[in-house]
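The lines below spell out each chain.
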Amino acid sequence: AQSVTQLGSHVSVSEGALVLLRCNYSSSVPPYLFWYVQYPNQGLQLLLKYTSAATLVKGINGFEAEFKKSETSFHLTKPSAHMSDAAEYFCAVSPHLGSARQLTFGSGTQLTVLP
Amino acid sequence: NAGVTQTPKFQVLKTGQSMTLQCAQDMNHNSMYWYRQDPGMGLRLIYYSASEGTTDKGEVPNGYNVSRLNKREFSLRLESAAPSQTSVYFCASTEGLAGGDTQYFGPGTRLTVL
Chain A
1 AQSVTQLGSH
11 VSVSEGALVL
21 LRCNYSSSVP
31 PYLFWYVQYP
41 NQGLQLLLKY
51 TSAATLVKGI
61 NGFEAEFKKS
71 ETSFHLTKPS
81 AHMSDAAEYF
91 CAVSPHLGSA
101 RQLTFGSGTQ
111 LTVLP
Chain B
1 NAGVTQTPKF
11 QVLKTGQSMT
21 LQCAQDMNHN
31 SMYWYRQDPG
41 MGLRLIYYSA
51 SEGTTDKGEV
61 PNGYNVSRLN
71 KREFSLRLES
81 AAPSQTSVYF
91 CASTEGLAGG
101 DTQYFGPGTR
111 LTVL
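Respectively, the protein sequence lines represent chains A and B. Numbering follows this note's numbering, with no gaps: position 70 of the first sequence is 70. Numbering follows this note's numbering, with no gaps: position 103 of the second sequence is 103.
Please note that a few of the clues may not be correct.
To be verified - Derived, one-sided and incomplete: chain B residues facing chain A with beta-carbon distance under 8 Å: (1) Phe10; (2) Gly42; (3) Gly99; (4) Gly100.
To be verified - Computed list of lysine-lysine pairs in BS3-like fashion (alpha-carbon distance at most 30 Å, straight line): (5) B/Lys57 / B/Lys71; (6) A/Lys49 / B/Lys14; (7) A/Lys49 / B/Lys57; (8) B/Lys57 / B/Lys9; (9) A/Lys69 / B/Lys71.
Please keep in mind that the hints were generated in silico from the structure rather than gathered at the bench. All residues carry an ideal CB built from backbone N, CA and C; glycine is no exception.
Given the sequences, and given the hints that come with them, work out the whole structure.
This is the structure in structure tokens:
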């Protein structure tokens, strides 16, 4: 069975500082990996996804994530935080030979950006 | 395109009341999903519909029923609401059922059961 762990339910950074949100997965084979963002009172929106092409994936709003098989990680980064990045971020995993119905979400990380 | 729409946005029910949450997508997607979101637990799948005319249980189906009315619409019904069903409900859709397909989410329905 697959699972995903997000380290840190709350992360605070100063505006302009590096954003690093951690995600580790457990799966017998490299899965599909996703990062979604949820702004207050809104639905989830895809930031980026890994589908076994390039290990460094670039997404919207300047975010990127690197798939590291040896570390079973898919951490999300942004070089310089902006106030508008304040939101909740979810890492999710789907089995490579499975179904979209098997998408498993992490518990989320709330990002606060301090002025 | 509106994407995925949900109605209502907010709802307060008393224990034992029933209600139906509506979801529609205009992206011609085949598959649709209902999730619930609870604090600290991410999203959990309630039911899904792989294609028009089919529905299947997800991780937490108890207390819910669904109907795939047509390719566009997928409704979620609570027959006898319980306080444990207080949650935020999201509808989503994908083009197909492949593991790499992106899920597109609606804005959510915030339900409180007293």
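Hints versus structure:
no., hint, in the structure
1, Phe10, "violated, 10 Å"
2, Gly42, "holds, 4 Å"
3, Gly99, "holds, 4 Å"
4, Gly100, "holds, 4 Å"
5, B/Lys57 / B/Lys71, "holds, 18 Å"
6, A/Lys49 / B/Lys14, "violated, 40 Å"
7, A/Lys49 / B/Lys57, "holds, 26 Å"
8, B/Lys57 / B/Lys9, "holds, 24 Å"
9, A/Lys69 / B/Lys71, "violated, 38 Å"
Comparing the model with each numbered hint stated earlier shows that hints 1, 6 and 9 do not hold.
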